[in-house]
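Colleague: What follows is each chain in one-letter form.
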Amino acid sequence: GDSVTQMEGPVTLSEEAFLTINCTYTATGYPSLFWYVQYPGEGLQLLLKATKADDKGSNKGFEATYRKETTSFHLEKGSVQVSDSAVYFCALHGDTGGFKTIFGAGTRLFVKA
Amino acid sequence: DGGITQSPKYLFRKEGQNVTLSCEQNLNHDAMYWYRQDPGQGLRLIYYSQIVNDFQKGDIAEGYSVSREKKESFPLTVTSAQKNPTAFYLCASKGQGVTYGYTFGSGTRLTVV
Numbered sequence: 596g597d598s599v600t601q602m603e604g605p606v607t608l609s610e611e612a613f614l615t616i617n618c619t620y621t622a623t624g625y626p627s628l629f630w631y632v633q634y635p636g637e638g639l640q641l642l643l644k645a646t647k648a649d650d651k652g653s654n655k656g657f658e659a660t661y662r663k664e665t666t667s668f669h670l671e672k673g674s675v676q677v678s679d680s681a682v683y684f685c686a687l688h689g690d691t692g693g694f695k696t697i698f699g700a701g702t703r704l705f706v707k708a
Numbered sequence: 031d032g033g034i035t036q037s038p039k040y041l042f043r044k045e046g047q048n049v050t051l052s053c054e055q056n057l058n059h060d061a062m063y064w065y066r067q068d069p070g071q072g073l074r075l076i077y078y079s080q081i082v083n084d085f086q087k088g089d090i091a092e093g094y095s096v097s098r099e100k101k102e103s104f105p106l107t108v109t110s111a112q113k114n115p116t117a118f119y120l121c122a123s124k125g126q127g128v129t130y131g132y133t134f135g136s137g138t139r140l141t142v143v
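Here the protein sequences come in this chain order: A and B.
Using our numbering, read the first sequence as starting at 596 and increasing by one per residue.
Using our numbering, read the second sequence as starting at 31 and increasing by one per residue.
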């Protein structure tokens, strides 16, 4: 079945450092890929998405490119801020008739001032 | 503005009690979902519904029940059969098609006392 694997956390960075959170997936067909962010005590928010190969999703300085050849959707940001401290979830929604989004386990990011 | 409203934000349950968590959306989404999140963990699917008067069990449905009498509403009941109900519960809805992401509510934190 479909699955998502993302790097284990926590990831600890200093402010203005470069961020990469790795995400790889297994799926049949042509899924859509998503990154969600969860701030402490809150629900998840959709951060960005990409719906076909080579698409780049971007929002709030974060980017991720849908790479079908490497089945990856890594999240990147050039300069993190303390306010980016949160848990980040990679997810996919397949196009083969299923009704569920498959979530990764989440990666906690701490950004130090 | 459209969105999902979960209530209450905090809920305390005594041993042997049933409690109901509310989830209401005004996004006109057909699909709605309930997830459970334990501390430091990812999301586990409890129930989902694709249409009014129909719903399916997710991965951890035992000890929970739902109803979908209206498109806007998808309440979750945590029954006394759920032996370890203390967790953060998230409701989500989704538009039609694989390219749409989820919209999440802000969650209900349930604690057994």
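A couple of the hints might just be wrong.
Residues on chain A that point at chain B, a partial pick, calculated with CB under 7 Å [stated by the list, open to error]:
hint	residue
1	638
2	643
3	644
Using 16 Å as the maximum straight-line C-alpha spacing, the simulated EDC-like pairs for lysine to aspartate or glutamate come out as follows [unchecked claim]:
hint	chain 1	residue 1	chain 2	residue 2
4	A	707	A	679
5	B	39	A	637
6	A	672	A	610
7	A	695	B	60
8	B	101	B	54
9	A	663	A	610
10	B	113	B	45
11	A	695	B	89
12	A	651	A	637
Derived from the structure by calculation, the hints contain no laboratory data.
Glycine residues also receive a C-beta, built at the ideal position from the N, C-alpha and C atoms.
Colleague: Which numbered hints are broken by the structure, listed smallest first?
Modeller: 2, 9, 12
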